[in-house]
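S.K.: Same order as they appear, the protein sequences are chains A and E.
For what it's worth, this note's numbering labels the leading residue of the first sequence as 2, then goes sequentially.
For what it's worth, this note's numbering labels the leading residue of the second sequence as 2, then goes sequentially.
Careful: at least some of the hints might be erroneous.
Unchecked claim - Capping the alpha-carbon separation at 20 Å, the derived lysine to any residue pairs in SDA-like fashion look like this:
(1) A:Lys76 - E:Gly89
(2) A:Lys40 - E:Glu138
(3) E:Lys76 - A:Pro84
(4) A:Lys3 - E:Ala88
(5) E:Lys40 - A:Pro84
(6) A:Lys76 - E:Asp86
(7) A:Lys3 - A:Phe34
(8) E:Lys76 - A:Ala87
(9) E:Lys40 - A:Gln139
(10) A:Lys123 - E:His106
(11) A:Lys123 - E:His125
(12) A:Lys76 - E:Pro84
(13) A:Lys40 - E:Arg132
(14) E:Lys3 - A:Ala87
(15) E:Lys123 - A:Ala124
(16) A:Lys40 - E:Ala128
(17) E:Lys26 - A:Lys40
(18) A:Lys40 - E:Ser131
(19) A:Lys123 - E:Ala128
(20) E:Lys3 - E:Pro49
(21) A:Lys3 - A:Lys40
(22) A:Lys123 - E:Leu121
(23) A:Lys40 - A:Gln139
Simulated from the structure, these hints should not be mistaken for lab results.
2 protein chains.
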Amino acid sequence: MKLYDLELSGNCYKVRLFAALTGQKLDIVPVDFLNGAHKRAPLIDLNPFGELPILQDGAVVLRDSQAILVYLARKLGDERWLPRDAAGEAAVAQWLSTSANNVQHGPADARLVDKFGYALDKAHALAQSSRILGLLEQHLAQHRWLTLGHPTIADVAVFPYVALSHEGGVSLDGYPQVRAWIGRVKALPGFVPMPGV
Amino acid sequence: MKLYDLELSGNCYKVRLFAALTGQKLDIVPVDFLNGAHKRAPLIDLNPFGELPILQDGAVVLRDSQAILVYLARKLGDERWLPRDAAGEAAVAQWLSTSANNVQHGPADARLVDKFGYALDKAHALAQSSRILGLLEQHLAQHRWLTLGHPTIADVAVFPYVALSHEGGVSLDGYPQVRAWIGRVKALPGFVPMPGV
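Excised from the complex, chain A in its bound form (with noise of 0.2 Å):
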C-alpha cells in the first residue's frame, strides 16, 4: 500500500497514525510538495484535487484522508475503529465531516496561514478555530473519546490539526480538556508523532 505523503501535512499525517496504531504497513512516497509535483502527471492523474495524500493499495486509489481512514479500518476488519452497525458507523461519520469542515476550515486554515503563506482569511480561521476547540472543549468535558467511549478513526481524523493549532497561532491554554484529550491520544499503544506534534 502506496501513501504519497508530505511529512508536514496533518491530513497525511492522520494516515500514517492510523496505520501506527494499527501495525498497518504502509510505503511512504515522499512528494516534492513545494515543486508543485501533486499538481503534475503522474500524481495529478491519481487525484485531480491535486492534493495530498493520495493512498494506492493495487487498484484502489483514494484522495481523501477521511476516506482513507475508512478504507484502512475495513481492511483491517477491527470494528473497534469503525463500527459496522448503523448508529456506531454514523457516530462516527459525524467527526469525519467535522474534520473535513470545521477542523479543516480553523486550525488547519490558521496554520496554512502562518507556516506556508497560503492567502487565506486568518481572521476568519482564527473565529472557526475558537469555535470547533469550543465544541471539543464541552464535548470532552463529558467523554474521553470523541465517540462511542473508545478511540475510533473520529479521534484520528481530528487530532492532527488541533494538536498544531499552536502552528497557526491558535492557543490551547482555554482548553484543558482538550489538552486531556490530545494526551490520552498520546498514550495509545503505537503512536507516533509528526514535526510540531
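Fit chain E to the given chain A structure using the hints.
M.R.: Okay, now just chain E, sitting in the frame of chain A:
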C-alpha cells in the same frame, strides 16, 4: 424517525431527498430557524453545534447531514447506496468529505451570503465554487454518477448545493456535464425537489 428540518436548507434537503428515494418515512419537525430555535434548548442539547438537520431515532441522535445519510443507508440495508466492502465504502466516503468541505465552502457559502445575508467572504466562496464545479465537470465527463457507476449517497450529498448554485450567483452555464448529472439525479424514481431546485 424525527427530522428537525428547515425547508430552505440544502443540508436538510439531502436527508429528505434520500428518504424519498428509498421510501423511508420521516416525521418532519419544522424548526423556527429565523428565530434561532436551533440555538436554544431543547435543540441545542440535541446538537451542540447549533445546526440543522438533526435526526432523532429513539436513542440515536445525529447532527450532520452526511452522517445521517450513512445512518439511513445502513438502516435500509441496501448496499447499493453505501457498500460494505472497504474500497466501495471509501470511494463513497471521499465524496462525503467533498460535500462537507468543498461544496459547503463553495456554492453553499455563496448562497448563504446572497440568500441569507451571512457575513462570509463571497469572492472566496465564488472561487471555491469554480474550483469544485470544474472538478465535477471533468469527473462527470467520464462518469455518469460520482462513484461506483450507479447512484450512491455520494450523489445525494453533493447534489443539493450544486443544484442550488444559482441562488448564490453561481451559473452552471459552463458546466454541461454537471447539468446533465443534475438531470439524472432528478430522474431517479422517488425524487423530490426543494424550493430553488
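S.K.: Taking each numbered hint in turn, which are not upheld by the structure, reported in ascending numerical order?
M.R.: 5, 17 and 23
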